[in-house]
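Visitor: Build the full structure now, drawing on both the sequences and the hints.
Respectively, the protein sequence lines represent chains A and B.
When we follow this note's numbering, the leftmost residue of the first sequence carries the number 11, and every step to the right adds one.
When we follow this note's numbering, the leftmost residue of the second sequence carries the number 2, and every step to the right adds one.
Incorrect hints may have been included.
Facing chain A, a subset of chain B residues (Cβ under 7 angstroms, in silico) [as the list claims (entries may be wrong)]:
1. Thr26
2. Val249
3. Ile286
Computed cross-link-like contacts, EDC-like style, restricted to lysine to aspartate or glutamate with a CA-CA straight-line distance of at most 20 angstroms [unchecked claim]:
4. Lys126(B) with Asp338(A)
5. Lys62(A) with Asp34(A)
6. Lys59(A) with Glu237(A)
7. Lys7(B) with Asp157(A)
8. Lys234(A) with Asp157(A)
9. Lys7(B) with Asp165(A)
10. Lys126(B) with Glu216(B)
11. Lys126(B) with Asp334(A)
12. Lys254(A) with Glu237(A)
13. Lys226(B) with Asp294(B)
14. Lys155(A) with Glu235(A)
15. Lys250(A) with Glu237(A)
16. Lys62(A) with Asp334(A)
17. Lys250(A) with Glu235(A)
18. Lys10(B) with Asp301(B)
19. Lys128(B) with Asp204(B)
20. Lys226(B) with Asp204(B)
21. Lys62(A) with Glu237(A)
22. Lys126(B) with Glu199(B)
23. Lys128(B) with Glu216(B)
24. Lys59(A) with Asp341(A)
25. Lys62(A) with Asp131(B)
26. Lys62(A) with Glu199(B)
27. Lys7(B) with Asp301(B)
28. Lys10(B) with Glu28(A)
29. Lys10(B) with Asp165(A)
30. Lys59(A) with Asp301(B)
What the hints contain is simulated information worked out from the structure, not anything from laboratory work.
Note that the Cβ used here is the ideal one computed from N, Cα and C, for glycine as well.
The chain contents come next:
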Amino acid sequence: MKSITPNLFSLQNRISPESFSPLDPSYYGKETLETEEVGFWRASWRRLKHNKIAMISLCLIGLIILFAFIGPLFSPYTYDQQIRGDEGMFPTLKHLFGTDKLGRDLLVRCMIGTRISLAVGVVSAIIVLIIGSIYGSISGLFGGKVDTVMMRIVDIIYSVPEILLIVVIKMVIDQPLEQLVSTVDFLMPLQKVGSGLIAIFIVYGSLYWVGMARIVRGQILQLKEMEFITAARVLGCSQKDLIKKHLLPNCIGQLIATVMLQIPSAIFTEAFLSFLGIGVSAPLASLGSLTAEALGGIYSYAYRVISPAVLISLIILAFNLFGDGLRDALDPKMKK
Amino acid sequence: MELGQKIVKRIFLAIISFLIIITITFFIMNLVPGDPFMSEKATAATQAVLREKYGLDQPVYVQFAKYMWNVLHGDMGNSYVLQKGRAITEIVTESFAISMQLGVKALLVAVFLGIPMGCLAGLYKDKPADSIIRVVSAVGISIPGYVIAAILLIVFSVKLGWLPTSYTKPGGSIMPIITLAIYPTCYLARLTKASILEVLNQDYLRTTRAKGMSEFTVIFVHALKNSLIPIITYLGPLTASILTGGFVAESVFNVPGLGRYFVSAISSRDYTLIMGTTIFYSALIISMNLLCDILYQAVDPRIHMN
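Guide: Pasting the structure below:
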């Protein structure tokens, strides 16, 4: 018999008969997916872990939080303690960051200041989140005339230069607020926080929620056309539950990313107010007010400016970078 | 919606926001306990005379109507504290001229430095140049203005002694301009890069590449043209940020501009001056935003197609 030489130019497939034999029974059952199911949070975390800049920023934020909340426990001084004889000292071993002209240890003051600045950022961001997401989802879900009116209001607030209004409002509500906090019984606990801080929260929360409201509304408008919302409606879901249980949880990624970027912006605003002399009131200190205070003596005491200035810049930078990374991780579609 | 209709709507919106600003500032200032003459060592009779002179004894709504009428006629009253008796409009126009000189220079720096930076980052995407620009711009938008001012002062005036601390001496405007320009420059760089990356994969750019143009021409000529459209909308907020940045830069470097007046008006509680400045700034920012919006609509035919 003539042996079959393979023809190089043949298009025929050479198929062996074994390919048609039945599989071993043990093979079945392996037909499932080999990879484990990865949920939303796990997947986001995986993406985030690959982002080096975001992870470094996250570590930095962790360190800063430790510095602000654990640090003061190890310090022999308190933030408002005026140490006699140690006034206006340059950085030494006893006072690592030096002291100010009243003899207060700047290291502790920086720690407390970091704490206040972080608090301003986080609380303001949460206020913005609450107001913005409720307003935005109501506007988006109801649609029609409600939407038009609500969005007109947002448009108007949006076109108002907020930083000017913040200055004006903050200046004016400080005094009445202090009176309110110190006289009305159920507001007494707030005294500890200080009326200056509360005023910052109110001012920031009352003007900056519009951006959030716009983002949430945009998301809701997309989501509400989807089948699962129709299904929920058919099953008799109330409007409130629709927002709470179905719509908002589905735009959580966007919400978190936006809130994260709100934090540095609030810290920035507080620092600006402190510079104008209407930030946190003494003896409390924020990083902004520490820097602003030290600016007066910059020619002879430059070191007093450096530590709070570096800290505040680091915090804002870390939150900005982490927020960017988080946004990419939570919403990979946006990145493309 | 037709383009004309949209523009009319935008103008209407701008006017409403402006009126709201005047209303809010006026009523807020009226909520302040006491009046500007309380702190002065004057007898009750003198204070009454002063109040009558400035119309503060009339009911609030009368004062408001009067103030509104005056503002719309370009009269914002007189300063009570800082420059007693001087018309606010006079103070504002005089000091704003100085602020504007600085502001326009800073704006030019931001535009002519920030946009090329963004283009370069887009051109060398994921290369060292891109990383450097990304880090620099991230740092730039994270440092508060007065920290920049402080660093500049310490380095260039105190340590090196290269630049004068006073604005009036030659070279004195360099540091205020840098302080003003850093944030917008870095923001513009980020914005431009994001905008360039968005258009980078579009067909018309593939065509220009296929025609054999260098990557430099593709980015700086063809991609940039279309990416500039979203950047136009930022020019409004850019003006606002340079104006508010002026508060810091002018106070730290002692520039006799409107920003410094605003800051000292706040610390001395000169309410009419604060109101006047706020209204002036708001009018400026709102009209800049309006202008950018209209420009944006007019430049890009795709926007009012759908």
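Visitor: Compare the distance between the alpha carbons of Lys62(A) and Glu199(B) with 20 angstroms, and conclude whether the hinted pair is satisfied.
Guide: violated, 23 angstroms
Visitor: Holds or violated: Lys62(A) and Asp34(A), Cα atoms, limit 20 angstroms.
Guide: Violated, because 47 angstroms separates the two Cα atoms, which is more than 20 angstroms.
Visitor: Do the alpha carbons of Lys234(A) and Asp157(A) lie within 20 angstroms of each other, as the hint requires?
Guide: holds, 14 angstroms
Visitor: Hint check: Lys59(A) vs Asp301(B), CA-CA at most 20 angstroms. Holds or violated?
Guide: violated, 39 angstroms
Visitor: Lys128(B) and Asp204(B): Cα distance at most 20 angstroms?
Guide: Distance of about 24 angstroms is beyond 20 angstroms: violated.
Visitor: CA of Lys62(A) to CA of Asp334(A), is that 20 angstroms or under?
Guide: Given pair Lys62(A), Asp334(A) holds - Cα atoms ~12 angstroms apart, limit 20 angstroms.
Visitor: Would the pair Lys250(A) and Glu237(A) pass a check requiring their Cα atoms to be no farther apart than 20 angstroms?
Guide: holds, 18 angstroms
Visitor: Check whether the Cα positions of Lys126(B) and Asp338(A) lie no farther apart than 20 angstroms.
Guide: holds, 17 angstroms
Visitor: Given the hinted pair Lys250(A) and Glu235(A), is their Cα-Cα distance within 20 angstroms?
Guide: Between Lys250(A) and Glu235(A) the Cα gap is close to 17 angstroms, so the pair holds against 20 angstroms.
Visitor: Verify the proposed pairing of Lys254(A) with Glu237(A), using a straight-line Cα cut of 20 angstroms.
Guide: Given that 20 angstroms is the threshold and the Cα spacing comes to 17 angstroms, the pair holds.
Visitor: Holds or violated: are the alpha carbons of Lys7(B) and Asp165(A) at most 20 angstroms from each other?
Guide: Since the Cα atoms of Lys7(B) and Asp165(A) sit roughly 14 angstroms apart, the hinted pair holds (cutoff 20 angstroms).
Visitor: Keeping to a limit of 20 angstroms between CA atoms, is the pair of Lys226(B) and Asp294(B) held or broken?
Guide: holds, 18 angstroms
Of the numbered hints given earlier, the model fails hints 5, 6, 19, 21, 26, 28, 30; all others are met.
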